[in-house]
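Q: Chain L: place on chain V using the hints.
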Amino acid sequence: MGFKVNFSKRQDERFYLPGQEIKISRSAMSRKSYMTESDNVLTCRQRTMFALLCFVLIYAVLCLRVSYVCLGHGINIDTAITTNEFADEDIIRFKNPVKRADILDRNGEIIATSLPTVNLYANTKQIKNTQDVAEKLNFIFPDVPYETFLAKLQKRGAFIYLKRNLSPAQQMQVNNLGIPGLEFENCEKRIYPHKNLFAHVLGNTNVDNEGISGVEKAMDERLTTSTKPLSLSLDLGIQNTIRDALIEGVKQFNAEGAAAILMEAKTGQVVALVSVPDFDPNENLKVEDRAMFNFATKGVYEAGSVFKVFNTALCLESGKVKVTDRFDTSHPVFFGKAKVTDPHGSHKMLTPEDILVESSNIGSTLEILKVGKKFQRRFLQSINMDKKLADFELPETAKPLFLSENRWSNHTMATISYGYGISTTPLHIVSAFAAVINGGMYHEPSLVYHKPHEGKRVVSEKTSENMRTLLRAVVTRGTGRRANVEGYQVMGKTGTADKLENGHYNHKKSISSFVSGFPESDPQYTLIVVMDDPKASKETFGYTTAGWNAVPITKNIISAVAPQLNVKADFDIDRQKSIVNAAYKR
Amino acid sequence: MRSIKTAMLVLWLTLTLSVALGSSVLKNKVQILERKRDAINLNIQKNMESIHVLKAEWSHYNTPERLRKLAYDQLSLENAKPEQIINYSALQFNYEDSQKTNNNKMNHKNLTTLVKAVKR
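From first to last, the protein sequence lines are chains V and L.
Per our numbering, the first sequence starts with residue 1, numbered consecutively.
Per our numbering, the second sequence starts with residue 1, numbered consecutively.
The following block holds chain V by itself, in its conformation from the complex (with noise of 0.2 Å):
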């Protein structure tokens, strides 16, 4: 009765789970009663097996590979590096000493860099002898007073410094006192091998080695994000040149103080920046404003009859003006009470250049009278007359004092013409110059070596000829006479005015300004010098007006710097045939 099963004598020394042994699937009960016991350990022999030889398929894998690579077959390091298979961080496991990256001027010499050094810190929890301690600091730092060290080290701290940037004579000193509590930072400090030179261009940075002014300052993130150097678009030798010329001339004049920016004419990639008085980065000592003062980017001045440049050109432009036109400058020009003159004397009929020779206001003012006051609005903003340079690489720059167009009067416009009435800076005066005279292109001023430029035409190549050949007969008979240094085609305009003080006019001071190019023939190079109040003298006799103080500095930079430029000289050739052949002679 009941449901029978019959076991086999295997299957009775089998031992089963209550119950185990009457599991029967239902499913499989219709294609067969149920597995036998012989299936099931055929089955897991055979799982077994399996198992044991992918197992043993893949140690003789791993075992063929370790073997392979063991007996030198596997990757080579040497060949692996030279190909560059690694990526650098699987290599190079170091960090660069330096965090700030070189500052380099466009020939490679570094300007600025980082030297790493220490700095001494106190644990003082750790010091018991204070006075002891503050003895031995003092004879290793005689510049820190005695009472210093000792107000310090009587500090409860675990980080209390003591003196920043030891020399390694000052770390090994130290570290020879063997007193517990005192330790060592590393740090970097940051280094002007030129001292003074580019101090206004590159700034400084601050204890903490961030950019506080200057390129420091407006670089300070890609200065600090990557090690690689920036180059800038200065030529060392240049600026040394420009500025030695620029410190002689402000002796020899008595002058507050002089700048000067040589710029490419073609890419506006300024080539020397100097400022005098400048400081040294590498002192950290007070030094006074005007010294901390950059004149060439910062300093907003109105430029006087530098002005008549852009006036004449825009005149011009705006076609109503034709180079042979004349004008009857015998007679002041009246604006109801206010009235233009010329402070050299009346001339009579002028054409535009001998507007720009003799410097005529009242030329300058019928010139523009013809024109109107929307379109030299338009090309004064054109050339950024009325912006700050925001692009350029120096947070020391200053927007120009434009007047709004509801105060832009005849009598305005009459006194913009001769360049008083806007006030600028000599960067904004020297971009714009380029721009009258390279064919007609403005190019953003730029540090930055090899930055791309994009140019925006602001006159025709036409008038850019023809302003050139005005700009040269200013050199070769006019004002700037003093400046016409042989073979290099110089041309250019001078310009003082009176300085403004407390919004009053001092006419016992002037600023004076010359704005030059060179070749007349290819333009390559423009060069603004601008000094602050120079004094008048027996070599002067008398006079302070550009002729007489920034033509004479820029014949002596243009003539020391044009050969180091590269500039093709233009002789005479009978000329220079003679020179050869007294040469031979000799």
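Worth flagging that the hints you see were computed from the coordinates, not collected in a lab.
Note that the Cβ used here is the ideal one computed from N, Cα and C, for glycine as well.
Among the hints, a few may not be true.
[Said to hold, decoys possible] Have a look at the derived ranges for each label pair, beta carbon to beta carbon:
1) K27/L x C44/V: 20 to 30 Å
2) P142/V x K27/L: 48 to 58 Å
3) D391/V x L26/L: 55 to 65 Å
4) T148/V x A71/L: 37 to 47 Å
5) Y146/V x E49/L: 26 to 36 Å
6) P116/V x N62/L: 18 to 28 Å
7) L42/L x A169/V: 17 to 27 Å
8) R66/L x D391/V: 31 to 41 Å
9) Y543/V x Q84/L: 25 to 35 Å
10) E57/L x E135/V: 32 to 42 Å
11) K228/V x E57/L: 14 to 24 Å
12) M48/L x C54/V: 49 to 59 Å
A: Chain L in isolation, oriented as in the chain V frame:
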């Protein structure tokens, strides 16, 4: 059956030992290379630091004032003046023509020497 088991065991042990040995050798080689790499990296870092300091020192010694003074004191050189730089066209002779003349003279001289040698 037993022989298969033994063979499998031997094979298994051999493979395990080979892998263990191989891994050990490999690890050892890698460790040696890593130590070498670290030493090289440290050396590079120290050299870089030294080079950096030397470059700063080189820059300090190459200030234009110092170079100008040295050039004047040691070589009696002064800054070039514009009139010292002249155009090629202002030169008294034509360099290329004179080179050709010189070459012709040399060729003629060589030919004469050769003829004399043949005659002998």
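Q: Next step is simple, just say for each hint if it's right about the structure.
A: For each hint, the structure was consulted:
no. : hint                       : verdict
1   : K27/L x C44/V: 20 to 30 Å  : violated, 38 Å
2   : P142/V x K27/L: 48 to 58 Å : holds, 56 Å
3   : D391/V x L26/L: 55 to 65 Å : holds, 57 Å
4   : T148/V x A71/L: 37 to 47 Å : holds, 46 Å
5   : Y146/V x E49/L: 26 to 36 Å : holds, 34 Å
6   : P116/V x N62/L: 18 to 28 Å : holds, 21 Å
7   : L42/L x A169/V: 17 to 27 Å : holds, 24 Å
8   : R66/L x D391/V: 31 to 41 Å : holds, 36 Å
9   : Y543/V x Q84/L: 25 to 35 Å : holds, 32 Å
10  : E57/L x E135/V: 32 to 42 Å : holds, 34 Å
11  : K228/V x E57/L: 14 to 24 Å : holds, 21 Å
12  : M48/L x C54/V: 49 to 59 Å  : holds, 52 Å
In terms of the numbered hints stated before, the structure departs from hint 1 and from no other.
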